[in-house]
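Fit chain B to the known structure of chain A by using the hints.
Spelled out, the chains give:
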Amino acid sequence: MDLLEQQVLQTLKEGSESAFEMVFRTYYRPLCQYAYSFLNDRDEAEEVVQAAFINVWDKREQVEIQTSLKAYLYRIVRNSCLNVIKHEKVKKQHVAHEMIHAESMHESVSQSVISSELEERISVAMKALPEQCRIVFQLSRFEELKYAEIADQLNLSVKTVENQIGKALKIMREQLKDYLPLFLIFFKDYIC
Amino acid sequence: MAIEFNDIDDLIGKTLSGEASAEEIREVETWRSTSAENQKYYSDLQLIFAKASTNQVKVDFNTDAAWKKVKSKLAGQNKSKVVEFRPTTKTNWQPLRIAAGIVLIVSAGIFTYRFLGQPQIQTQAVVSENKVVEDTLPDGTTAVLNKRSSITYEYNPREKTRKVKLEGEVFFEVKHQEEKPFVIEADEALVRDIGTAFNIKSYPDKDTIEVVVQSGVVQFYTLNDPGMMINAGETGIYSKRAKVFTKITKADTNVLAYKTRVFSFHSTDLRSVIEQINEVYDSKIKLGNENIAGCQLTVTFRNDELDTMIDVIAETLALSVERTDKNEIILNGQGCR
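First to last, the sequence lines map onto chains A and B. Just so we're on the same page, this note's numbering is the position in the first sequence counted from 1, plus 68. Just so we're on the same page, this note's numbering is the position in the second sequence counted from 1, plus 151.
A hint or two may mislead.
[To be verified] Think about it this way: if two alpha-carbon atoms lie no more than 27 Å apart in a straight line, the pair counts; the simulated BS3-like pairs of lysine-lysine are: (1) B:LYS410 / B:LYS316; (2) A:LYS195 / B:LYS165; (3) B:LYS219 / A:LYS81; (4) B:LYS435 / B:LYS282; (5) B:LYS222 / A:LYS138; (6) B:LYS282 / B:LYS357; (7) A:LYS81 / B:LYS394; (8) A:LYS127 / B:LYS224; (9) A:LYS138 / B:LYS394; (10) B:LYS222 / A:LYS127; (11) B:LYS165 / A:LYS214; (12) A:LYS138 / B:LYS357; (13) B:LYS165 / A:LYS245.
[Unchecked claim] Computed far set for chain A versus chain B, every beta-carbon distance over 12 Å: (14) ILE133; (15) ARG143; (16) ILE144; (17) ASP220; (18) GLN221.
No lab work stands behind these hints: they were computed from the structure. Note that the Cβ used here is the ideal one computed from N, Cα and C, for glycine as well.
Excised from the complex, chain A in its bound form (with noise of 0.2 Å):
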């Protein structure tokens, strides 16, 4: 941990409220995408990073962080993202699967809206899977996290990160065959 990092969590310790501010304003956008990769609900996101936050303010005087601060709030966010997760897995699918369903009853639109509508329906597709899959995936995308890095956080082995984002590509394929173009020609990798 740098210097400045112990000072500024020596002087939280003590109870400055802008030292908090510092570290809140500095973290909080960050940790909201990422609780937002777990939760795919903007104000739950918020709710378990701000409870964090309000927990760290609390504690501050206990609280022993031994490797960064940084480090150290990703990983409460992450256990309660994971705690929110367990305890609504049955009611969020429930909703996931209504969307999907609502979704498809469109009609396909004209190929000037395709992308956006498409992006749209991606979207749709990438809240259905399966909850483990889905996290792996947007992890990925969202956060940019290298494979090693999710497999790390989510106490999971390279090799089944490595299962997931193929699963995930795979079933939102399946799900969206409707609405990818029809032709190759559409890309422009392949027209040079």
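Frame of chain A, contents of chain B only:
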């Protein structure tokens, strides 16, 4: 519909994520080239993979609103730790009235000024590259520049202001003159001297700007935030990203070591002891193994020779010292605890 999970999906995933080995990339290439169907399959996944991350951009989080919410829930904060100076909200119109009167006089003044010639603006620039440089500014203020630092001093006799633009790390001993304020501009942060010796660290590649006050008081602020007063023995920190000031009451005394060569370590781990010494002495002390990195040291050095310090450290932590022909000093040992 049955979904089969083939290895090829994993391999494509790895390729798209940049996790695939050269061999795996070749494998995917070969698979793609075998049929138009495969090619299409690959590009479908590629498209999904690329578009998936653009979804995230739509989610935005409002830090200000969240901070207000969280702040209201904080219990038992110790506000006395930080002395914050906010402008009073009550508007005092008296100075404005006087100011309005003065504007006329000043305008007339400037008019005559123009014709009598420009005032002599004094400027001086000091740049340090790979060594610490000490210099005296025209007003008698001394400035010690750490490596990779620069200052530009400007005194405007018309405005009676002493302004310094700073990049890097500089220790100032300011000759205080009540009628000629001394203001330092470090990136977006400003430091106004109130009779003082202090150190400012503001490297462009770092998020934080730090002010350590050795004697006296300074005001540490920006144009949008009145900031805080930093007293002797305290450190003020400003985060450029978070736009927040904070204050540490127990200052890190080694901050000034580049100038004083005085180090005071209290249960500091060996790795950072070595980093700090190397920085100031331009030495190449290295850890022979990671086991000793966490060994803790409590010792004070006062402008000592490098060899003396090495001997003390080695003796205290029972380390062996090896000096290479490349001027490296390698420490080895069993590790502590």
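Of the numbered hints stated previously, which ones are contradicted by the structure, given in increasing order? none
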